[in-house]
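**Q** Each chain, written out:
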Amino acid sequence: MAPTLAIAEAAFHLERRSDVWLAGLREAARQAVPCARAVQATQFPGRDGLAALDALFGPCDRAAATAITGSADGWCMLVSEAFAEGPSAELIDTWQAEGIGDYLALFASDGEHGILLAIGLPKSFQLTPARRAAFARVADELRAAMGVRRRLRQDRSGKHPRVRLAPQEPAATDTPAAAPCLDSDAEHRGRMREHLLRRGRPADRGPETPTLSWESLMEGAWMILDQFDRDGKRTLAVLPRPGGSALRRLDDRERSMARMAGDALSNKRIALELGLSEPCVARTLDTVMVKLGLRQRPDLVRLRCLLAERDVSVTATAS
Amino acid sequence: MEIERITLEGMPPVFLFSLDSGSEQRLSELTPAEQEVARGILEGRSNQLIARRRGTSLRTVANQVAALFQRFDVSSRAELVRALEGLPPVME
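Read top to bottom, the protein sequences are chains A and B.
Be aware that the first sequence starts at 40, since it is given in my numbering, and climbs by one per residue.
Be aware that the second sequence starts at 94, since it is given in my numbering, and climbs by one per residue.
The shape of chain A in the complex, shown without the other chains (with noise of 0.2 Å):
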């Protein structure tokens, strides 16, 4: 991956040609997600990102994009299931007769300019460990060609080029100062933990949740947005998605595991009642965690413990 985007680079700082850059981001992307159906790369003006995505795609799913970058200029790495109508009706009707199920969408702003890329998934599409990782490789790649730089402080010596996507513009001299950095992930995390818990009100109206239940959970219906430690209880943030969602649901083998897991059986327990190897269920239970969104197994235990004994609907809205 890192040649192809260093040889676009090259090309760009050379020729000043940015369709060689993103046809060197649409080949990175490919070889992240050997899977991936269609890249699309797009450039955008300014910061908005989601505002491209929108314009690329329909509706996006802004709710969570924002809630895990907690901003809308910066990075996301978004995996939704929104298509919706849009400008581009006719990209998304080639897109779903290919059979593609989701997209995962990653943006990069400069402040000026950004690029968009959307990568098409299959409907088959599992969401893995090793490929969560191979998309935040990707993210980090667009990131350091766009110089945006993940830690503020550090690093604003501009050891990576800059990146000037607008062709047209003179070779400008780079303002370190002006460059915009982004904050870490944890920081990202931490203000959207503050909007949370300072900011938001309780809602007295709004359309019918769906009952927080084992089930549900299993079909993907809660997307966990965030744990964190409140009053030295574990608490987490969850954001409904009705009728499920196709990248989160878990299939029957998954499903057994994770029920079992969650019954605290040990990986050599559930090993041997399904007849399947421990490194087997090792992997399917990895998988497991990660749709969940839960990052550790006495947490699994105890979403069991909670949810397995009742359904929950929301009738408490706490100050």
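These are calculated hints, taken from the structure and not from any lab test.
Careful: at least some of the hints might be erroneous.
With the C-beta cut set under 10 Å, the calculated list includes, among others, these residues of chain A facing chain B [what the hints assert, rightly or not]:
hint: 1; residue: A276
hint: 2; residue: R336
hint: 3; residue: C344
hint: 4; residue: L346
Covered, in the sense of this in silico footprint (three residues per stretch, anywhere, with C-beta under 8 Å from a C-beta of chain A), are these stretches of chain B [stated by the list, open to error]:
hint: 5; stretch: 112-118
hint: 6; stretch: 132-139
hint: 7; stretch: 171-183
Every residue gets a Cβ at the ideal spot worked out from N, C-alpha and C, and that includes glycine.
Chain A is already provided as a structure; the job is to place chain B on it using the hints.
**A** Structure of chain B alone, referenced to chain A:
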């Protein structure tokens, strides 16, 4: 279970709830030292981490964990989490 519903501008409602389902009761039956260790296990922390936070040695924590296993008649950390949340182990 208490669920808090939060709305932010331009976003659909987000729900907050605590993962805790009933461990408080069982935790209160333990000594403060055991409570700390038990909470650590509930949060999925390793023995080493628990020892570091408590300022005791790894062996002490390992012993305390073993004692908790015996107390609740379980044989793994996951089972202990389930027992602490107040559910009987799954029999098959």
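**Q** For the stretch 171-183 of chain B, does the count of residues with a C-beta closer than 8 Å to a C-beta of chain A reach 3?
**A** With 9 residues closer than 8 Å to chain A, the stretch 171-183 of chain B meets the three-residue bar; holds.
**Q** Within the assertion that chain A covers the stretch 112-118 of chain B, do at least three residues meet a Cβ-to-Cβ distance smaller than 8 Å?
**A** holds (count 4)
**Q** For the restraint on L346/A, tell me whether the closest CB of chain B is nearer than 10 Å.
**A** holds (9 Å)
**Q** Please check whether C344/A passes as an interface residue: C-beta within 10 Å of a C-beta belonging to chain B.
**A** holds (4 Å)
**Q** Just to make sure I understand the rule, a stretch counts as covered if three or more of its residues have a C-beta closer than 8 Å to a C-beta of the chain. Does the stretch 132-139 of chain B meet that for chain A?
**A** n = 5 at 8 Å, threshold three: holds.
**Q** Measuring from the C-beta of R336/A to each C-beta in chain B, is the shortest one below 10 Å?
**A** holds (6 Å)
**Q** With chain B as the partner, please determine if A276/A meets the hint condition of a C-beta pair closer than 10 Å.
**A** With a minimum Cβ separation of about 5 Å from chain B (threshold 10 Å), the hint on A276/A holds.
The structure fails none of the hints (numbered hints given earlier).
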